[in-house]
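Read top to bottom, the protein sequences are chains A and B.
The first sequence begins at 1 in our numbering and counts up by one.
The second sequence begins at 1 in our numbering and counts up by one.
These are computed hints drawn from the structure, not numbers from a lab.
Everything numeric in this text was worked out from a predicted model, so none of it was measured.
Ideal placement from N, C-alpha and C gives every residue a C-beta, glycine not left out.
Keep in mind that a hint or two might mislead.
[Claimed, not checked] Every beta carbon over 12 Å from chain A, so not counted as near; a handful from chain B, in silico:
| id | residue |
| --- | --- |
| 1 | D106 |
| 2 | R108 |
| 3 | D235 |
| 4 | T299 |
[Stated by the list, open to error] In silico PhoX-like links for lysine-lysine, alpha-carbon gap of 25 Å or less:
| id | chain 1 | residue 1 | chain 2 | residue 2 |
| --- | --- | --- | --- | --- |
| 5 | B | K240 | B | K60 |
| 6 | A | K152 | B | K152 |
| 7 | B | K116 | A | K116 |
| 8 | A | K116 | A | K240 |
| 9 | A | K298 | A | K240 |
| 10 | A | K111 | A | K60 |
Protein chains: 2
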Amino acid sequence: MTISQLATDKIESEGSALDALIEATAEDMTAVNAMILSRAESHVEIVPEIARYLIDAGGKRLRPMLTLASAHLLGDASGKQVNYAAAVEFMHNATLLHDDVVDESDMRRGKPAARKVWGNQASVLVGDFLLGQAFLMMVEAGELDALEVLSKAAAVIAEGEVLQLSKAGDPGTTDAEYMQIIGAKTAMLFEAATEVGAMAGGASGKLREAMAEYGRELGLAFQLVDDALDYGGADGSLGKNTGDDLREGKMTLPVILALSVASGIERQAVLDALGHAESGQTELAKVREIIDRHGTLKTTIERAEAHAEAAKAALAALPPTELRDLLADVADFCVSRVY
Amino acid sequence: MTISQLATDKIESEGSALDALIEATAEDMTAVNAMILSRAESHVEIVPEIARYLIDAGGKRLRPMLTLASAHLLGDASGKQVNYAAAVEFMHNATLLHDDVVDESDMRRGKPAARKVWGNQASVLVGDFLLGQAFLMMVEAGELDALEVLSKAAAVIAEGEVLQLSKAGDPGTTDAEYMQIIGAKTAMLFEAATEVGAMAGGASGKLREAMAEYGRELGLAFQLVDDALDYGGADGSLGKNTGDDLREGKMTLPVILALSVASGIERQAVLDALGHAESGQTELAKVREIIDRHGTLKTTIERAEAHAEAAKAALAALPPTELRDLLADVADFCVSRVY
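Same shape as in the complex, but just chain A (with noise of 0.2 Å):
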């Protein structure tokens, strides 16, 4: 599908194929958000406060639905993959709060970050909670490969925010540096839930990989269209939502690729507005009218369509289902956001 049809499609292909998603994991959905609010219990009681603040906040809860969606493709899953989903959040969401206490940001989902309600301290040690928590539900599964595939993903994640980090505000990032960034702080997550899913489904071999291959696409094509829209996406429009990445001085592809064909006068602007607070609407319709110029956003884009694209090609070793077939239209509508 490509960047015109996808745009055409938009109003139908967004909304179904989430819609289709949560309908077809909607039975395991309520084992794994009973299991999600009973692990968030405690009897300190600020953590299920925050625990819960931060899990009801209106995430889509896309991880656990693709874990519960990969342990159906091949016919029966075990019932394991409750365990799995409801871990898969509960670790997204310890990264979520530790990344805005790393972030330092004010907002999350659209209400107060947690940090800002209950301050960084709490944050951090929630976060602990939450993955100490996820861990014993993945032992409770009993399953040492799905363990190793979690526990791996954990390490691979923080050694992609520290890699992020020490490189925020550096103009010499490379692509390549952006690329493993994004592989282990967003796409290890996706690929992980959908390997350990498939593990509940039966798969093994081949299919186990075809279905890791399938969540690595996805969270690159997934962070690829969140770094593009946080300059305003295809339409360009700079709300509300945009520019943190800039003011962060988060270094995503369409400013990296800019940067590395900019002219002199261009570079410098963009340094100006790159990891200052203060940068504004008018830095950043600069930077955009730059990242414009140089047509770095449309080939952001595109490498999200590219890598779409592979995700739905790793789904070939999949039996023929109806489940299989949403999976790839949930790789269109990862990308579809961007229009």
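Given the structure of chain A, go ahead and fit chain B onto it with the hints provided.
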């Protein structure tokens, strides 16, 4: 052993129990240290930099040594204790990295805290990395029971830290709440360390439980002594390593007990110093005077002693060996630090 005996034996017992433990675990510890080094590796430069800075900073590695010693109590150990000990040390160091961020500590083990050198952000993320690596080492050992012990511990430790945070500066904190906090934030990891060690040594049922109890009681004694030392320990020397808890508003037993019986004027003096970063030697000396007046440092030390005795009593379930005697000496050593 009573307080006075301990004081008399101070010079001999202090060095010797720790030295004997180092000697008894030396062979395994070589493997543990190699594993620690290799698992702190990363293609992201700053990760091993921070990890090694902390890990090489001269910690006693008491917890991993306890794991190793516990593994040899019944004779042959499985070898898994090497992974377990390295995992325990990584968990401990992850906790330290996060604690220093939470407590805004400037120093750790006589050097500037990692967060002062690399920042809070990297400290949070490298802590997460170490936690992920700890779980991976546990997974590689392949025992779900031991993984369960460690993942429960991770969640409980974080809960304990949150509880401590929520009670910071709260003069209404009770003795029971304090015991709950130190049971979770400190004793839990000691317990996990000896329990998984014992499991690697083939212990199950009552023997496993006995070693868990030994670790738990030892951890309680250890933290009670730490908290007494922060008010100058038994000899009351208020040097540069004292007063942190007071300044941070950390509610520890000497102060909790003093507040419970203090006069109005005394209470006010404690509250004036508690949780104020600028509290200096004058305020500390005043609080110490109040503590001494009510004998609550002595009570704290006596309670540490009682838990060390309970730790030794737990060892009675085990076959009488030199190693068992050594672990009993270690319990005495943990208390002797206070003199």
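Should the label of B:R108 as a non-interface residue stand, given a Cβ cut-off of 12 Å to chain A?
The claim stands: B:R108 keeps its Cβ more than 12 Å from every Cβ of chain A (closest is about 16 Å).
Decide, holds or violated, for the assertion that all CB atoms of chain A are farther than 12 Å from the CB of B:D235.
Fine: 33 Å to the nearest Cβ keeps B:D235 off the interface.
12 Å Cβ clearance of B:D106 from chain A:
Given a closest Cβ separation of 16 Å, the condition holds.
Does the structure keep B:K240 and B:K60 at a Cα separation of 25 Å or less?
Distance ~20 Å between B:K240 and B:K60 Cα, so the pair holds.
Is B:T299 truly not at the interface, in the sense that its beta carbon sits beyond 12 Å from all beta carbons of chain A?
holds, 26 Å
Checking one constraint from the list: CA of A:K116 to CA of A:K240, max 25 Å. Satisfied?
holds, 18 Å
Does the alpha-carbon distance linking A:K298 and A:K240 stay inside the 25 Å limit?
Measuring from Cα to Cα gives roughly 21 Å; hence the hint holds.
Hinted pair, alpha-carbon criterion (25 Å max): A:K111, A:K60. Please report holds or violated.
With Cα atoms ~15 Å apart, A:K111 and A:K60 stay inside 25 Å; holds.
Does A:K116 sit within 25 Å of B:K116, going by the straight-line distance between their CA atoms?
holds, 23 Å
Could you grab the alpha-carbon distance between A:K152 and B:K152 and see if it respects the 25 Å cut-off?
The hint holds at about 18 Å.
Consistency note: the structure conflicts with none of the earlier hints.
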